[in-house]
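S.K.: Take a look at the letters that make up each chain.
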Amino acid sequence: MRVLRAARAYGGALTLLAATAAALVAAVVVGVAATGPDGRPATVVPLLLLALVVVPVPTVELARRRRAEVALVRVRGAGPGRLLGAVAGPAVGAVLVGAAAGAAGGLAGASLLREPWDLPAAPGSSPWVWGGVAATVALLTALAGCAAVAREPLATALVRPGWRRAPGVADVVVGVALLVAVAVVVQRSRGGAPGDGGAPTGGDLVLAGSAVLGVAAGHALVTGLRALVPAVAADGRSTAVLLALRRVVAGDQRARTRAVVAAGVVAVAALTAATAAGGWADRAARLDQGGPVRVALADTDALSALLLTRDLDPEGRWLMAAAFDASRDEPELRIAWLDLARYDRVSGDFLAGSAADVGPETDSLRAAPAVAPVTGDAVTVTRAGADRPVTVTLSFLTDDAGLDTASVALGAGEATGTAEVSTCPRACVVVGLTATAPVEVTALGLGATDLLAAAWTSAGTTAGSTTGTSRRTTDQTTGGSLALGPAAPLAPSAATTAIPVLTAGRPSWPDAGPAVPGIGGGSRPATAAGDRTALPLVGAAGVLADLPTALAGAVDSVSGVQVLVLARADTPADVLAGLRDAGGDPVTFGGGEAALEGPWAAERHARSVVAVGAGALGLLVFLAGRRRRGLAARREHAALRLVGVPGPERRRADVLEAAVLAGATLAATAGAGYLAAVTVVAATPLVPAGPARPPIGSTVEPWVLLLGAVGTAVAAVLGAALVRAGAARRSDPARLLEEES
Amino acid sequence: MIQLSGVGYEAGGNVVLADVDVRFEAGRMTALSGSSGSGKTSLLSVAGGLVEPTAGTATLDGEPTWRGTGDPPPDVAFVLQVYGLVPVLSARENVSVALRARGTTPVEADERADAALAALHVADLGDRQVEELSGGQLQRVAIARALVVHARVLLADEPTSELDATTRGRVMALLRAEADAGAVVVVASHDPDVIELCDAHHPMSEGRLVRPRHRAD
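Going down the list, the sequences are from chains E and F.
Position 446, counted from 1, in the first sequence is what our numbering calls 446; the numbers after and before it change by one each time, with no gaps.
Position 176, counted from 1, in the second sequence is what our numbering calls 176; the numbers after and before it change by one each time, with no gaps.
These are computed hints drawn from the structure, not numbers from a lab.
Given the structure is predicted, the values throughout are model-derived calculations rather than measurements.
No residue lacks a Cβ here, since even glycine has one placed at the ideal position from N, Cα and C.
Among the hints, erroneous ones may be present.
What the hints assert, rightly or not - If you anchor each label on the Cβ, the simulated ranges turn out as follows:
#1 68(E) <-> 23(F): 35 to 43 Å
#2 211(F) <-> 144(E): 20 to 28 Å
#3 190(F) <-> 651(E): 56 to 64 Å
#4 231(E) <-> 136(F): 24 to 32 Å
Stated by the list, open to error - A short list of chain E residues far from chain F (calculated; beta carbon distances all over 10 Å):
#5 247
#6 612
#7 674
What the hints assert, rightly or not - Computed, partial: chain E to chain F, Cβ under 7 Å:
#8 139
#9 448
#10 452
#11 455
#12 636
#13 639
#14 648
#15 734
#16 736
#17 737
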């Protein structure tokens with residue numbers, strides 16, 4: 001009954017308290033639901049801490065309205081139970097009703113977001129448990145606020161509607177406690193940062209850090225402004241400046257400023273984390289994709305893909321052949337190959353600005369000899385001397401991924417011989433040369449190509465040997481001839497030259513020196529041209545090499561290698577059609593969210609909910625007591641008019657008040673928000689990124705800071721404007737003759 | 001001199017003042033008495049230009065006190081029953097702001113404010129925000145604010161209602177000093193001791209002056 005009577009008498013104040021509880025519980029329920037079954041419900045902890053400074057604002061507003069009523073109950077000598085009911089009944093009722101509405105709203109919100117956010121159909125008990133925790137926090141905070149009314153001197157409560165206790169030891173204690181809390185948060189934040197793609201180590205305590213920093217920033221701002229006022233007053237500033245500063249630090253305003261700055265900082269931190277998760281997904285998806293359009297060629301080897309791109313796009317304007325082997329976890333065994341001569345044109349813009357942009361290194365990666373495809377219909381061999389028969393066999397990789405040979409049989413007395421080649425009309429890659437007997441080859445040609453013009457070397461270990469061993473390389477070309485025999489097969493030097501590579505994830509090289517898997521199997525000596533935090537296709541752990549360089553001498557593509565063609569977004573349709581004819585299916589990059597699945601999305605959604613919840617709580621703070629504060633503003637103007645303060649001075653005070661509020665809240669929110677982003681969020685347990693994924697770092701986005709700070713300032717100014725609007729016009733000094741209400 | 005001639009005032013359809021003819025002389029303290037609702041506060045408001053009379057005229061040295069805005073003339077200072085202080089300002093600032101509004105430099109205004117508060121034995125409350133003060137303290141700050149400007153007219157509505165006898169005497173002495181300096185001082189009060197200290201007394205009933213009475217003439 002008391003609650004119903006109170007609802008009728010104090011509808012506005014009760015509604016606002018209920019709305020605050022509803023916003024808190026709804027945000028917590030949706031936030032926890034958004035984290036998903038494997039997420040971290042503690043992501044919403046900042047909202048719970050924020051409630052500690054937000055809920056008291058409407059609670060105290062309600063209590064102020066009810067001071068006299070409660071005082072009368074005390075006068076009548078009510079017992080503790082009745083007094084508790086009188087003091088806290090309406091507030092408790094409002095919080096419970098608000099919490100119930102918030103839970104229902106949260107359920108509805110989670111239901112609406114289920115499809116777009118891919119939330120589980122049955123969210124489990126976690127949202128309800130955390131919603132209950134939020135309601136309990138709101139309830140206890142409201143009770144604490146009500147208790148202050150019961151502690152007021154009875155005489156004062158009965159006769160002084162506007163009386164306020166002077167700030168005392170409690171303020172100092174709160175300040176010191178906040179200082180200690182900030183130190184703990186910063187220390188813990190430094191203690192653990194998200195690992196490189198692994199589980200974060202910051203600890204759940206750090207999750208609360210943004211709220212702690214926010215409350216501390218609000219408290220510091222209010223304390224600083226209060227300290228400033230006597231100096232300004234003593235400095236003899238104008239009445240307008242004095243009034244503006246005094247209003248900003250007035251007891252009524254202090255709690256609001258503190259709460260709205262805290263809400264702004266929590267929102268900035270949460271938005272930073274959400275942006276970091278979203279940005280990470282986009283970056284990770286771009287690494288996976290490699291280029292604007294990705295075409296997987298399932299039944300094609302890397303050489304064929306290279307030749308296909310050269311055929312479809314001879315000038316290298318749109319297509320780039322690529323391959324990668326990410327079937328193993330060890331960084332030194334994860335390798336991607338790109339036709340780097342075309343990198344800048346095809347993927348340069350797509351990866352520009354990311355850690356995986358390898359544009360500046362393409363020249364150094366292409367320093368070793370590259371594959372040199374040749375064509376012809378006959379192999380011609382000339383030898384020095386012709387004393388005995390010998391057969392010289394040339395091995396080459398055909399354009400249909402087959403390994404073929406052409407054998408030239410030279411009889412006794414024959415110095416020159418020719419063998420027809422039928423499988424090399426378009427392009428072949430020479431991979432080896434052997435002879436059945438020792439022989440000195442003085443001329444070797446395939447079609448019109450002089451094969452002795454290229455360097456040859458002892459093949460040593462044959463291709464296909466165990467990974468991790470390297471070939472011995474010795475230049476065998478001397479004086480324009482090749483000496484070979486059954487025990488000394490030769491291979492093009494390009495096949496065995498150390499290949500330059502970029503690394504990511506600090507590979508563990510074998511003792512013999514850096515070596516990477518060959519695209520045709522086996523291994524190949526390598527030289528590390530640099531180390532990056534991420535590379536295209538392989539991500540944060542692996543190796544990148546030039547595809548044409550790697551293809552030199554490779555006799556096949558091993559089964560684990562995926563062959564791709566990457567294309568620009570503006571690739572002509574007929575060129576894409578050519579890729580489709582080759583069995584490819586072009587996939588256009590649709591953004592990280594579309595390309596990646598995983599807990600990062602839940603993280604982003606949950607953080608977004610926290611940001612929105614904090615913003616809503618911040619706005620509600622400034623709505624509390626609007627009517628009462630509006631009346632007080634009119635009486636203040638009336639009092640100033642009574643003593644002759646002119647209108648322009650009073651209006652200047654209104655404008656200055658808004659300006660000081662805006663500037664102070666903006667600076668405090670931006671400063672503390674930045675601090676939260678670089679300390680707390682950097683160490684906040686974001687979701688594990690996964691193996692070979694770049695870490696989910698927290699980059700401070702200027703637009704996030706700006707949005708949070710400006711939003712906070714706007715809320716603060718709006719709150720002041722709502723109160724001051726029309727106050728000057730309706731402020732006849734005669735109003736002061738009426739009893740205070 | 002403030003002259004009210006045939007003043008009537010209605011508010012919300014009720015007759016608050018009717019046919020009031022009275023003159024408040026400079027250099028004299030005049031008391032208004034009467035039960036609650038008798039019209040004392042309204043009479044002070046009309047005399048000070050806070051409200052426009054619905055009949056008759058109220059003038060200060062021949063000029064209407066009602067200036068069309070509800071703002072009192074610069075030469076009029078009020079002590080309101082509900083104090084009318086600015087809650088966000090400190091006690092000193094509340095007093096000082098009245099001086100600043102009249103062109104006194106802030107530094108001098110603060111010094112004079114401190115002196116005014118000291119005269120009422122509340123100098124130690126200068127830095128306190130008025131919303132932290134008790135009723136009696138508030139009343140003394142309001143009196144200090146009215147006294148410090150040394151206005152030609154000082155209208156005080158129940159200025160001693162929350163004061164002890166000693167402080168009441170002090171306040172009346174300060175009001176007397178203002179009158180002696182040539183100000184028109186009008187005090188609305190229930191307190192017989194206060195009325196006794198005034199030079200003239202006008203009891204009121206139901207919006208009318210009952211019988212004018214002058215002393216010490």
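S.K.: Hint by hint, say whether it matches the structure.
M.R.: Hint check:
no. : hint                          : result
1   : 68(E) <-> 23(F): 35 to 43 Å   : holds, 42 Å
2   : 211(F) <-> 144(E): 20 to 28 Å : violated, 59 Å
3   : 190(F) <-> 651(E): 56 to 64 Å : violated, 39 Å
4   : 231(E) <-> 136(F): 24 to 32 Å : holds, 30 Å
5   : 247                           : violated, 5 Å
6   : 612                           : holds, 33 Å
7   : 674                           : holds, 31 Å
8   : 139                           : violated, 29 Å
9   : 448                           : violated, 96 Å
10  : 452                           : violated, 97 Å
11  : 455                           : violated, 89 Å
12  : 636                           : holds, 5 Å
13  : 639                           : holds, 5 Å
14  : 648                           : violated, 12 Å
15  : 734                           : holds, 4 Å
16  : 736                           : holds, 4 Å
17  : 737                           : holds, 6 Å
Taken one by one, the earlier hints fail for this structure at numbers 2, 3, 5, 8, 9, 10, 11, 14, listed in ascending order.
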